[in-house]
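Engineer: From first to last, the protein sequence lines are chains A and B.
Going by this note's numbering, 258 is the number at position 258 of the first sequence; the sequence numbering is gapless.
With the second sequence counted from 1, adding 342 to any position gets you this note's numbering.
Just so you know, these hints were derived from the structure itself, not from any lab.
Take these hints with a grain of salt, some might be off.
Here are the in silico distance ranges between beta carbons for each label pair [to be verified]:
1. A:262 / B:502: 43 to 51 Å
2. B:492 / A:27: 37 to 45 Å
3. B:502 / A:27: 24 to 32 Å
4. B:595 / A:77: 20 to 28 Å
5. A:330 / B:513: 27 to 35 Å
Yeah, the Cβ is synthetic: ideal placement off N, Cα and C, and Gly gets one too.
Spelled out, the chains give:
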Amino acid sequence: MSLKMKNISFISGMVLLFCILWITGSLAKAPEGFTGYGQDIDISPDDSELVFSHFRYGDATLYTVPVGGGKAKIVAEPEEGKSYINPAFSPDGELIAFIEKWETEERRYSQLRIFNRESQTVKQRINTNGYVTEAAFSPDGRSLYFLKADVFKNYSSITGKRPHEFDIFRMDLTSGETEQLTDKNAYTMSSLDVTPDGKKLLYRTNEGSDDRLVLRSIDNSHVKMIVPMGDFASNSLIMSSPALSPDGEKIVFTGVAAKDENGTFIYEAFKMDLETEQAEQLTTFHEHVANSIFFHNEDKLVVTVDKNFTGADADNSYWQISADGEEHKRVPIDIPEDNETE
Amino acid sequence: MTRMEQHVEKILEQTQSSGKEREEIREELLHHLNEAKQQNMNNGLTEKQAEKQVMADFGNAGDIGYQMQEAMYPYQRGLLYAVGLATILYGLIYYVNAAFFQHDAIPIWLAVQFVTGCMVILAGINISFVGRYFYMLNVVLLVNVIWNGINITLIKGASPWQTILFSIYLLILVLLGLIAVVQNSYYSSGKTVTKQQSRGVVLLGYGVNLLLGIIVAGVSLFFLWAFLFTTGKQLSALLTIAPIFIWLITYKFQMGYIAKKPLISILTGFGFSVLAITVPVLILVML
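Modelling step: build the complete structure from the supplied sequences, incorporating the hints.
Structural biologist: The following block contains the structure:
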């Protein structure tokens, strides 16, 4: 072979190899699934840390980050295909209850887990066929209340599959015994919270097309329906993610504050006085405020803002806001890379 | 061109030599072939038969060229092929790994990797042309070495072990590239070294000058990293890698000088290196 032919053959071969690699590389399917921050967060009892879920290609890992922002630390990482969501701190900050969620071809699973920060272990205290969606510790730290649905399906053809037939349960953290507190088989129940005196439970449910807040006495099952009054932009009462203030006198929740030019609801945080049931708009992000939570000792809140509410995937970020909503500051979070050690 | 001249050219295609050296080899080979041809003609063969017989006796041009190359520049071509192929192989493995397991493949990176690897292999294939300018061959090798050095800082392995393996691979590759540079400089300068100069001192001259080059490249890349980190992507960032180019240009003059005055060349090389770094840095500061 002449020198010229050698050169031509070599260069052609390399160009061909490059093209094959380029095309093959571009065809390599990127993993699917949501990547970004989860909606639900909790603040540690000493107000020093936030616990949150961060999704990577659909799988969520639990992280903590200083409440003012900084480098996130992995709390618990699930195996591939599973997600850890809806974290909640225990009153002493030693335990974090959360939901482990995964799916098989046959069905979906949503189980309650407890992470012990001292032993760095995840424990499964109950095993149920139902779908545990969230949990809240009692103020004395002895009990864990949780919501469990019996079915996961779509009752209506216009909605996707969701958990239904909810009830509230209580687990004694010492003995591990679980008891059912309600017998409602509710269509929906969410945002379970316990009043600071430990005597009542707060949760969100609905009545027809209206959302309702419910305060339920733990001892005598007395129920008080709360219908916040306020300047809402929706005809029916739409609200989500209610959370109690540390003194138990106020509730912050997400409500419809306005409509944009396309008629899409703009959700902001509202603060309601529990006694008067009068709610006032707290935030003016003009985005979708998905979740709000009070600090324990300071007069501040942390809210989750979704900047892509109408899009396919959420674009959540966390913000500290003052009690009057006047000041807000983003919580910058640095998620460590895969191979970065803590 | 006669058939014997063509035969000689084919031999020379396989050998690395400077223009003057090449002319001497050409003349010597032709002289030898002509003598043999004359001998054959004296033995009763026609001119055509005599030429044919001479070339048959002389042997395959490719094989002779290869043997001459190996005698004058032992393992030089093999080393070039090894460095070039290893560079391309790294590109292939790293790109496939990045595309399929990390979903972070960068085609431009692969293109640069292939170009730097192919340039070294092409230099090996065209050794007769590239070898005439041994400075050019060193530039091709040094570009490859610098790029693979940058690659060490860019490794994103799926696990710490993968990162370590990639790093070891690249370090060996960089080392092979540097050996090729020193070897090329050493053998290419062999003819100009006088008897008074020890080959060891010349080798030291090449080694130290190369080390200075690595330091210049390292400092430049550090400045580039710091610039990009603090100021962001700007055209003026290119000034931070200007020392590498300045050093490469001065290295051309150094190379001729090293063979003649190896010890003094270390001092001038140091001076050039300092100059290569300070001038762009001063310009950057003044900007």
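Engineer: Against each hint, give a clear statement of whether it holds in the structure.
Structural biologist: Checked hints:
1. A:262 / B:502: 43 to 51 Å: 49 Å, holds
2. B:492 / A:27: 37 to 45 Å: The hinted range 37 to 45 Å is violated for residue 492 of chain B and residue 27 of chain A, with Cβ atoms some 28 Å apart.
3. B:502 / A:27: 24 to 32 Å: 29 Å, holds
4. B:595 / A:77: 20 to 28 Å: 58 Å, violated
5. A:330 / B:513: 27 to 35 Å: Since the Cβ atoms of residue 330 of chain A and residue 513 of chain B sit about 42 Å apart, the hinted range of 27 to 35 Å is violated.
In this structure, the hints that do not hold are numbers 2, 4, 5, in rising order.
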